[in-house]
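Visitor: Below, each chain spelled out in residue letters.
Protein chains: 2
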Amino acid sequence: MAIVVVGSVAFDTIQSPFGKAEKILGGSATYFSLAASYFTDVRIVAVVGEDFGPEYESVLRQRGVNLDGLQRAAGLTFHWGGEYGENVNEAKTHFTHLNVFEKFQPQIPQQYLDSQFLFLANIDPILQAQVRRQMRNVRMVGGDTMNFWINGKRPELLATLKLVDLLLINDTEAKMLAGEANLLRAANKVMAMGPKALVIKHGEYGATIFFGDRKFGIGHHPFRAPALPLDEVRDPTGAGDSFAGGFMGYIASQEELNREVLKRAMFYGGVMGSFAVERFGPERLQNLTREEIDARFEVFRELTHLD
Amino acid sequence: MAIVVVGSVAFDTIQSPFGKAEKILGGSATYFSLAASYFTDVRIVAVVGEDFGPEYESVLRQRGVNLDGLQRAAGLTFHWGGEYGENVNEAKTHFTHLNVFEKFQPQIPQQYLDSQFLFLANIDPILQAQVRRQMRNVRMVGGDTMNFWINGKRPELLATLKLVDLLLINDTEAKMLAGEANLLRAANKVMAMGPKALVIKHGEYGATIFFGDRKFGIGHHPFRAPALPLDEVRDPTGAGDSFAGGFMGYIASQEELNREVLKRAMFYGGVMGSFAVERFGPERLQNLTREEIDARFEVFRELTHLD
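Note that the protein sequences, when read in sequence, are chains A and B.
Residue numbers for the first sequence, in this note's numbering: 15 to 321.
Residue numbers for the second sequence, in this note's numbering: 15 to 321.
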């Protein structure tokens with residue numbers, strides 16, 4: 015079943031201990047779409063500028079991503095520049111040129127309206143809510159956010175959270191949003207704001223899904239999926255969006271939404287995140303096969319499986 | 015099969031957001047022994063002072079812990095005082111009175127020499143090596159250390175690591191010991207220093223066991239056990255030692271040492287750590303039943319288990 019993602023399609027200039035890449039394809043909607051494309055049909059809503067040439071577009075097209083909702087605006091594409099040190103969990107931002115993204119007004123193409131799944135990647139919560147309201151027929155809405163909105167647009171974010179079924183954020187964001195240092199209590203506070211379930215991403219330690227009530231009919235015990243200990247994280251950019259793509263993509267590929275599907279989705283999220291960081295930019299997500307993905311799924315499973 | 019532990023038996027004065035406890039029973043050997051006592055016979059080697067009354071001793075005796083190796087010295091017992099804030103992962107030390115621990119010279123009672131397992135809790139690596147050399151018949155040696163020795167007695171610690179089969183440390187210690195920010199590369203560097211396997215504890219995210227070679231005959235893929243998301247961590251003191259006690263205790267209770275045993279041991283380590291932090295001091299570890307432990311083992315299993 016098709017999934018619509020609204021977010022950024024952008025350029026990144028990235029430095030890490032493993033090298034440097036100038037103006038490569040990036041953005042939350044890009045990583046999400048590529049990761050999800052191995053599981054289901056993906057439809058993008060985003061904006062790019064005049065410098066976004068066909069060579070970038072073809073990366074997405076080759077994975078079958080629908081670009082009907084990719085707007086073109088006068089000006090330059092959103093461009094982020096940053097650097098990772100030895101501790102790959104911390105990025106140092108060099109510059110953030112919002113460019114055409116600053117005036118982004120998401121428009122949902124008519125032919126997207128039958129989509130059953132929606133992912134609101136990390137953009138202004140006001141825009142997230144606008145998109146959510148345009149997509150009346152969706153079965154499930156996933157969302158992301160970040161410290162910038164948690165601190166800077168809290169009332170707007172709280173309004174948006176009421177429209178989200180499943181929120182995916184990291185530990186720091188969850189604790190900041192809840193104003194609570196304990197992870198489980200933070201999770202419960204965040205779910206009381208609206209989401210029925212909450213995925214908290216722990217970086218190299220994996221991710222945990224918490225269930226706030228029984229609306230999914232899948233019990234309330236949390237579930238934790240591991241991350242693979244990797245000896246080289248070349249570029250962590252997009253790991254969280256790739257996780258979300260694998261997670262939501264797998265869910266959208268299944269007929270039923272039950273606890274076992276969500277558990278497997280957590281593993282597929284981790285798998286796609288682990289592929290993303292192996293190369294600069296989204297390179298590794300462009301030429302995978304479902305066999306490679308499922309082989310790594312088994313490695314993840316073996317990592318925590320008791321006979 | 016019996017396990018000998020050498021470490022500290024001490025008093026702790028602890029403050030956390032949940033309250034305060036004055037001069038309660040503590041110490042690495044105490045937490046280790048209580049946790050391991052649910053799985054196997056435990057024998058302590060430690061030193062206490064004249065203020066260590068029979069009421070403290072009886073806590074250990076009631077769990078069947080052998081105290082033949084508990085020396086009594088003139089002076090006061092080791093006493094640590096500290097505080098945990100909202101972030102329970104960071105302790106603020108108020109005082110460290112080493113007292114009789116400062117001149118501790120471990121003596122292994124004759125009747126301990128048939129023990130097949132040895133755990134070198136976090137003490138001076140010179141003493142760890144002395145004890146190791148006295149225990150010639152052991153099948154497996156586990157060990158712990160901390161930043162204080164990694165920075166302050168590195169050559170001595172490196173000598174001791176050559177005598178340790180299985181080292182249990184946390185992320186920060188592993189990265190500091192290896193001089194390497196990547197966890198997997200750090201693990202491999204630490205194992206090159208001696209240990210055949212390395213357990214890296216991730217606090218609330220669980221723990222990972224890495225295998226350096228095939229001497230255990232159990233393959234080389236790492237294995238990760240979760241930690242239970244808890245809504246109240248009343249007192250994190252002793253969590254790591256309780257993990258080690260559950261881990262080593264379970265191993266010592268098994269006839270064979272294979273990969274499946276080590277995997278289950280990782281889960282039992284997490285289970286005992288999760289009990290330890292629920293109450294101040296080692297209170298929760300005093301009156302458990304094996305049924306309660308196995309019930310929580312199943313909760314841990316369910317937390318990551320894919321059908």
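Hints listed in this document are in silico derivations from the structure and should not be mistaken for laboratory results.
Certain hints may be false.
As the list claims (entries may be wrong) - Using C-beta positions, here's what the derived DEER-type ranges look like:
1. B:Asp321 <-> A:Gly99: 37 to 47 angstroms
2. A:Gln130 <-> B:Glu36: 39 to 49 angstroms
3. A:Asp308 <-> B:Leu271: 27 to 37 angstroms
4. B:Arg199 <-> A:Gln300: 47 to 57 angstroms
5. B:Val313 <-> A:Arg304: 30 to 40 angstroms
6. A:Ala195 <-> B:Asp321: 30 to 40 angstroms
7. B:Asp65 <-> A:Pro169: 32 to 42 angstroms
8. A:Lys37 <-> B:Ala195: 51 to 61 angstroms
9. A:Gly96 <-> B:Asn101: 34 to 44 angstroms
10. A:Phe162 <-> B:Asp245: 49 to 59 angstroms
11. A:Lys167 <-> B:Ala195: 31 to 41 angstroms
12. A:Lys37 <-> B:Asn101: 31 to 41 angstroms
Glycine residues also receive a C-beta, built at the ideal position from the N, C-alpha and C atoms.
Visitor: All hints are to be evaluated individually against the structure, with a verdict given for each.
Guide: We went through each hint and held it up to the structure:
1. In this structure, B:Asp321 and A:Gly99 meet the distance hint of 37 to 47 angstroms, their C-beta atoms being roughly 41 angstroms apart.
2. Restraint check, A:Gln130 to B:Glu36: a C-beta distance of roughly 60 angstroms breaks the suggested window 39 to 49 angstroms.
3. The given range of 27 to 37 angstroms is respected by A:Asp308 and B:Leu271, whose C-beta atoms sit roughly 32 angstroms from each other.
4. The hint said 47 to 57 angstroms for the Cβ distance between B:Arg199 and A:Gln300, and at roughly 27 angstroms that hint is violated.
5. Distance hint check for B:Val313 and A:Arg304: the Cβ-Cβ separation is about 33 angstroms, which falls inside the suggested range of 30 to 40 angstroms.
6. Separation of A:Ala195 from B:Asp321 is about 34 angstroms and conforms to the stated range, judged on CB atoms against 30 to 40 angstroms.
7. A hinted range of 32 to 42 angstroms is violated for the C-beta pair B:Asp65 and A:Pro169, which are about 57 angstroms apart.
8. Range check, A:Lys37 to B:Ala195: about 27 angstroms between beta-carbon atoms, so the 51 to 61 angstroms window is missed.
9. Here the CB-CB span from A:Gly96 to B:Asn101 is close to 27 angstroms, at odds with the stated 34 to 44 angstroms.
10. The hint said 49 to 59 angstroms for the Cβ distance between A:Phe162 and B:Asp245, and at roughly 28 angstroms that hint is violated.
11. Between A:Lys167 and B:Ala195, the C-beta spacing of about 34 angstroms keeps the proposed range 31 to 41 angstroms intact.
12. At roughly 39 angstroms, the beta carbons of A:Lys37 and B:Asn101 sit within the given window of 31 to 41 angstroms.
Against the hints set out earlier in the document, violations occur for numbers 2, 4, 7, 8, 9 and 10.
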